[in-house]
Amino acid sequence: MPSPTTKRVTAADVARSLGLSRATVGFVLNDTPGQTIPAATRNRVLAEAKRLGYRANSAAQALASGKSRIILLVLPDWPLDYSMRTHLDEASLALDEAGYSLVTMTPHPGGQARPLWETLRPDVVIGMAPFTREQLDEIRGSGVQQIIPPVAAGEEGAVGDLGFAEGPRLQVEHLLGSGRRRLAFAGSADPRITDLVTQRCELARRTLSTQTGAEFVAEATITEENAAQTLHAWMDRGVDGVVAYNDDIAAIVLSAALRSAIPVPERLAIVGHDDTPLAALLVPSLSTVRVDNAGLGRFLAELALSAATGSAPPLAGPETDAYLVVRETT
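Mapped onto the numbering used here, the consecutive letters of the sequence shown carry residue numbers 44 to 373.
It cannot be assumed that every hint is accurate.
As the list claims (entries may be wrong) - Quick list of in silico lysine-lysine cross-link-like pairs, DSSO-like style, CA-CA up to 27 Å:
1) K50 with K110
2) K50 with K93
3) K93 with K110
Because the hints were derived from the structure by calculation, they are not lab data.
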């Protein structure tokens, strides 16, 4: 291997060492399609390139091919919780196996840095949430052709929450199935996810509205400071089941219930969302919704690869987006 002070080994160096033309070596090292290079010659080139310590110049290759092999994932300003980390890890692994790099960015209001879709020239830009019309125009103006989703938020065909809509329905139906009739929704105070909290609350409310003899009694933002007071108010209104935004919020509700001597699940049932490692460790252990975040990550990678390569897109997402994990709080 060359020392840090040695100049970078080039394709010309490999060609000179083997006595081959630079074109032949370039075809092999760039894996140029449509070339009839004998297998023996190809193997010699690759072996000599390895011996000399040749490393491809990714910038030059991208310039020559018009492909950067970079997938840019634009994240809203959401917390990187357990579910999101699992999602991103699986997408990154699947793309890496296909020879692509996943890069993430989070735009911030008033930010002065140039957006990465301008500086990296990615093959595909994906929004974890739909882009605004202004963002779409900027991305297209930078030369990116493949954008997912290709329409702006609020327009026909825009999607959001990436398969998590099933969770609130499962939470509500499970509580109703266990005999609960007066439900409350416990939301997060994190301002970064206000839209997600509102969406899940509305989905829970909508599911409950289709059931007879059941009532959506209350909704509240839950913090460690207000949990006990909120819970006492709910008890006074006859709440017997809580749909929590996620497992962290469910844990706060559970802790407040136990400190207030409210029997769980006898008097109050609680269902979380995400099935984080915390859920099984709580006492009593937390019933929750497990989302196939790994499957959703792979699906995201498949969408990106289909856009980057022009292949057929995946027909559908994971067969099971979400399912209940029943434990002791219900």
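Which hint numbers doesn't this structure obey? The structure conflicts with no hint, since it agrees with every one listed earlier.
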